[in-house]
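A.B. asks: Residue numbers (the working numbering), protein chains in the order written: chain A, 1 to 330; chain B, 1 to 330; chain C, 1 to 344; chain D, 1 to 344.
Misleading hints may appear alongside valid ones.
Among chain D residues calculated to face chain C with C-beta under 10 Å, some are [claimed, not checked]:
{"no.": "1", "residue": "Val161"}
{"no.": "2", "residue": "Met170"}
{"no.": "3", "residue": "Ala174"}
{"no.": "4", "residue": "Ser194"}
{"no.": "5", "residue": "Ala198"}
{"no.": "6", "residue": "Glu201"}
{"no.": "7", "residue": "Met213"}
{"no.": "8", "residue": "Arg287"}
{"no.": "9", "residue": "Thr290"}
{"no.": "10", "residue": "Phe316"}
Output of the computed footprint for chain B on chain A, the stretches with three or more beta carbons under 8 Å from beta carbons of chain B [stated by the list, open to error]:
{"no.": "11", "region": "122 to 134"}
{"no.": "12", "region": "139 to 146"}
{"no.": "13", "region": "187 to 195"}
{"no.": "14", "region": "223 to 235"}
Source of the hints: derived by calculation from the structure; they are not laboratory data.
Predicted model only: the values in this text are computed from it and were never measured.
Even for Gly, the Cβ is constructed at its ideal location relative to N, Cα and C.
So you can see what is in the structure, the chains are spelled out below.
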Amino acid sequence: MAVMTYREALNLALREEMRRDERVFVIGEEVGLYEGAYKVTQGLLKEFGPRRIVDTPIAESGFTGVGIGAAMVGLRPVVEMMTFNFALLALDQIVNSAAKMHYMSGGQFNVPIVIRGPGGPAHQLAAQHSQSMEVYFYHVPGLKVVRPSTPADAKGLLKTAIRDDNPVIFIESETLYNIKGEVPEDPEFTIPLGQAAIRREGTDVTVIAYMGMMYRALEAADELATEGISMELVDPRTLQPLDTGTILTSVRKTHRAVVVEAGAGFAGMGSELSAVITEQAFDDLDAPVERVTGVPAPMPYAKNLEKAKTPSKERIIEAVRRVCYANGKP
Amino acid sequence: MAVMTYREALNLALREEMRRDERVFVIGEEVGLYEGAYKVTQGLLKEFGPRRIVDTPIAESGFTGVGIGAAMVGLRPVVEMMTFNFALLALDQIVNSAAKMHYMSGGQFNVPIVIRGPGGPAHQLAAQHSQSMEVYFYHVPGLKVVRPSTPADAKGLLKTAIRDDNPVIFIESETLYNIKGEVPEDPEFTIPLGQAAIRREGTDVTVIAYMGMMYRALEAADELATEGISMELVDPRTLQPLDTGTILTSVRKTHRAVVVEAGAGFAGMGSELSAVITEQAFDDLDAPVERVTGVPAPMPYAKNLEKAKTPSKERIIEAVRRVCYANGKP
Amino acid sequence: MAQKTVVQPKAAAAEVEPGVARRIYHDMVLIRRFEEKAAEAYALGKIGGFLHLYIGEEAVAVGATSVMRPDDYAIAAYREHGHCLAKGADPRRMMAELFGRVDGLSKGKGGSMHLFDTTVNFLGGHAIVGAHLPLAAGVGFAIKYRGGDQVIACYFGDGAVPEGEFHEAMNLAALWKLPVIFMCENNRYAMGTSLERALAETEIFKFGRSYNMPCEAVDGMDVLAVREATARAVARARADGTPSLIEARTYRFRGHSMRDPAGAVYRTKEEVEREKQRDPIVLFRERALTAGWLSDTDLREIDKSVNDLVDEAVAFADASPEPPESELLTDIFKDAEGGERSGS
Amino acid sequence: MAQKTVVQPKAAAAEVEPGVARRIYHDMVLIRRFEEKAAEAYALGKIGGFLHLYIGEEAVAVGATSVMRPDDYAIAAYREHGHCLAKGADPRRMMAELFGRVDGLSKGKGGSMHLFDTTVNFLGGHAIVGAHLPLAAGVGFAIKYRGGDQVIACYFGDGAVPEGEFHEAMNLAALWKLPVIFMCENNRYAMGTSLERALAETEIFKFGRSYNMPCEAVDGMDVLAVREATARAVARARADGTPSLIEARTYRFRGHSMRDPAGAVYRTKEEVEREKQRDPIVLFRERALTAGWLSDTDLREIDKSVNDLVDEAVAFADASPEPPESELLTDIFKDAEGGERSGS
Ligand SMILES: Cc1ncc(C[n+]2csc(CCOP(=O)(O)OP(=O)(O)O)c2C)c(N)n1
Ligand SMILES: Cc1ncc(C[n+]2csc(CCOP(=O)(O)OP(=O)(O)O)c2C)c(N)n1
Ligand SMILES: [Mg+2]
Ligand SMILES: [Mg+2]
């Protein structure tokens, strides 16, 4: 174990997999000479050279397509989206080429590609640069979607994603790159896709949250503990495939669930989780599943409005109280 | 009232609005000389000329952007996507330009644009040409999304969409263009966005479905009636804004709900409806909301596999039976 | 930079070996007959969805493929029966794919627009106009990454040129010197839209100049002219990865798809009839006879064997069963099947 | 088709009226001072997010705008303070927007990357590279549709050229003869990526040829050279809608954004210093003095008034309150507010 930042964990995962597998290469805007707009690829050009660390012009659809084509014939590209907002320009390639190739070809071709970069609300970047992007991907058959909340997960899940034979959408967060945590140094340390993590054990309510919202829920948990409410916090880690087993086990234990997401909410992860939990644990629920989501508006620039846009600790606490006191005290 | 096809109803709506408002124009691939890949724009070039019926090269992002730019300075474009599958190439323009312009400019600019065309499963068009596309749009703040199931709705809702001052995503269906129905000829006939329609009144279960699935649910209703189950069928018509009022009123009456959608299901309309109904009518529900969705796979070409991909009448009937017999006979 | 301008249609000078002539004639006739049968099958409802015929354009795929190696790659759009056959795919499995049967190349999951065959390095079969151009650049990238000397032929229509992905792929291939041969099959129409209504510059090969990419236009009805131009491009690509843009001027004898009448509003019957006078198969047959590369007997013999091959393909497809319903959930992911994915 | 090649940097011949010289100098200095103040405010945390300075490139926006009418339109990317000021927006409301205050042009909702001002026909402020080019074509379309004789200036960086939307917008504008002036501000870098590493053809103006569009390159540090080239393009556009591509060769004196050091790894300090020797403001000041268009007193007077204006802008922004939280849900839709939308 070593303590490192989320950024360093990603960097280490890339180095280890590139050392391990000659077919792995990194391609994207500013990944080489500039060492990454967010420095995730720092030092990689120096270690692996321009053949494997490929700087591209601004042409998201083009270089994503290049990655997909290269993957079709056996390479294992890691495509960096400088920020995931720009992935919309490559969405057709991701959905119609990458996600469907294996199916359309009856299993003849597969696309082992990882498309990674920061996504989600950032700091005062406004409407076009601060969006929760996973909503464009997790509903697409043929794609896997990862949202790693901790440095250890960042490393373990990125390594697994790179070794996966299918397209994996790996969305990091600008706001988490500097957080520190314990990270296993074993180059064989990986985390399977589709396994949720229990971030905190509890008995009264299950809260499901990932990335920044997971940390906000942790703060809420501390405060709720002082008023005697014990929160169990589940972090799905991968949204597709989704580990419904762990989530349902927790809900069957607590009988209450609150889902938190930074996105606008309409037909989002919260909707899916609420639906799944209700379908499969209806008789175990003491209260309807509560959704705490971002306000359904584009992201405003002004600091105070931006703050009000995403779920606050207070809103999480209120939601937890609502489900807990729905039918009398827990 | 006149009986006409869904295609003719759309064509009439376009003609009426173009006659009414000189700022309205139609732009897209093959809309003019070819009169539309699906003939929705038949005769428009003849009546309005090439200035207002604009054929474009294959450049979805380009001509959608042209529509948005023209709308910013006062025109009212109707952009035809030959099929909505191609809208993925213009998604960045739709999401980052059209949907956010009004907000980013603090209300200074608005984008009165309609983006319309056929979407959803068609006949053996395979993975890239047969997809439920609404899932890419209804979660985006700043967009309205319409899915009209009948000729009358096609006319009334398209006219409203064209008169709306905001971007409206209007997704038709290749499989419905030839259906016939009564359509009001009054050029002032419009249908407000955000109003669901009760397609069939019933007392035992509320089924929510639109487009092809709505007709399949109607067939299911007939069969269920013979075994004494009375279905109330609600067609949301517009998915964004969503008429939750009508839906909840129905569910509070029937105490049971089944949501049907052609899409893959994960975080889809069914998820959102299931979540909303559970949140707001939890104590009225005798059974968890059931979702009947398409199989989470790309669309296969083979006829038999294609048939198995989307919800069948049988699957709808089974779901209704499950909710109805969940706690004893209705 | 070779930036030849278009040579007015005149037969290419080339001499070819009888063996080569035989293969060229055989492949062009095979494509023609295969598609005539497919059209019949479509009329009978045995093939569904969209069916886009390559009839009239055979010289492009056959001429280009004739100077490439089996280990070279090819990728195309949705009008790809010809390219797939030229690459050497089994007509029986192709027809079965069009019929949506389990013995099809992709078990019936892809259909006419999505033919793939790993065994002959045919990479599809793509139905989003322009989207396969970046994929071709990616294959070129992989070839270079591995230090190989293969090349990839990327076939696309004039309609793909106004798309942004054409520009992005051309720039990346030229910037990084990727061994891609961009073969534009300019049949003058994108569905019902003529070149003049789609491009500010209708001499498509000239776009190559914006990328300092060798480019030329050739008579796409002259299989040997296509062969020669492709040979030049292949030589450049094998030497140092230099990509090329070739504009093959051809014509589609049939409608855009089976749903579109041949002589639709966007072009005159006269124009279609005039172009049919330059049928690439007829032109080559005469050429081969005069040059003595092939005899009447050779031709009759080839015609006969092709007919048998195609009849066999149809019989094979007819006999093949529909894919089992379990196939609906296979091939979504390589490792695990649908089960691993969370759906509803 | 005028397809001039680049003239080696030499001062443009033009004579200008004292009044014009005054405005040109005033606007360039205003942009410079405004941004210097913005940089200070950013360091103080009064401005957040990304802040991209135009310092060094002032001659492009000012030169181009100086030959356009107030009713002409302008649209730009995220480095748009200069274009917005040149168009005549109120510096106070602009600074308030950068501060995220309610008196900002967009009530603080857009910020530095999304400046809009209907009152001066400034259409933003767009942060997706290349995405505003089709919008500009759309505005040109609307002008033509209405039979007006306005034009739109579309400013974009060299980094937008490899994007597909550049190609799509250029083709549509040329094909339909839309009155758009595509002004490429070639400062040789897209963030840390130099031209040579981004484009197979680094003489950007030449891309115009692929669309048969008049195109030329000009010294973007010479405000009068930009003015003249733009005047030619405006004349063509007003006459019959002919669009143009102008490549203004300029240089960014500061880092890509405030987060990027000026002399970062991708370019040498020496290069930056060398380029600073050709400061467009200094060049024009000397020119104006020698030519006698402006006197020392004039210049001092302008400098003073600009300083006052900018101080005022900062004071105004400081004094303006944050937008009320209710603004979070306004302006999502024009007719109804957030309420009408279904969220959670
Ligand atoms: C991105 C996209 N837009 C539109 C279509 C619909 N479409 C299918 S084929 C076609 C015409 C393409 O013409 P061209 O590229 O010249 O190829 P050809 O059919 O002539 O061989 C169009 C518009 C599509 N498949 N993809
Ligand atoms: C589509 C897209 N990709 C990437 C980015 C990130 N990005 C912001 S500015 C920039 C460089 C643009 O350079 P250029 O167009 O030359 O403009 P300059 O900054 O030099 O004025 C990049 C890559 C973006 N905003 N949009
Ligand atoms: Mg064509
Ligand atoms: Mg630049």
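A.B. asks: All hints are to be evaluated individually against the structure, with a verdict given for each.
C.D. replies: The hints, checked one at a time:
Nearest Cβ of chain C to the Cβ of D/Val161: about 8 Å, under the 10 Å cut. The hint holds. The beta carbon of D/Met170 is positioned within 10 Å of a beta carbon in chain C (closest approach about 8 Å), and the interface hint is therefore held. A hinted interface residue such as D/Ala174 counts as satisfied when its beta carbon comes closer than 10 Å to some beta carbon of chain C; here the least separation is about 4 Å, so the hint holds. The criterion of a C-beta within 10 Å of any C-beta in chain C is not met by D/Ser194, whose closest approach is roughly 12 Å, and the hint is violated.
At its closest, the beta carbon of D/Ala198 sits 7 Å from a beta carbon of chain C; the interface hint therefore holds under the 10 Å criterion. At a threshold of 10 Å, the smallest CB-CB gap from D/Glu201 to chain C is about 5 Å, leaving the interface hint in force. Proximity of D/Met213 to chain C holds as hinted, the smallest CB-CB distance being about 7 Å (cut-off 10 Å). Given the 10 Å rule on beta carbons, the hint for D/Arg287 is violated: about 35 Å separates it from the nearest Cβ of chain C.
A distance limit of 10 Å between C-beta atoms decides the matter here; for D/Thr290 the minimum to chain C is near 40 Å, and the interface restraint is violated. For D/Phe316, the interface hint is violated, since its Cβ never comes within 10 Å of a Cβ in chain C; the closest pair sits about 42 Å apart. Chain B is given as covering the region 122 to 134 of chain A, and this holds because 3 residues of the stretch bring a CB closer than 8 Å to a CB of that chain, at least three being needed. Here's how the region 139 to 146 of chain A fares: 4 of its residues keep a CB closer than 8 Å to some CB of chain B, so the rule of at least three is met and the hint holds.
Counting residues of the region 187 to 195 of chain A whose C-beta sits closer than 8 Å to any C-beta of chain B gives 0, which falls short of three, so the coverage hint is violated. Given as covered by chain B, the region 223 to 235 of chain A fails the check, having 0 residues with a CB less than 8 Å from a CB of that chain where 3 are the minimum.
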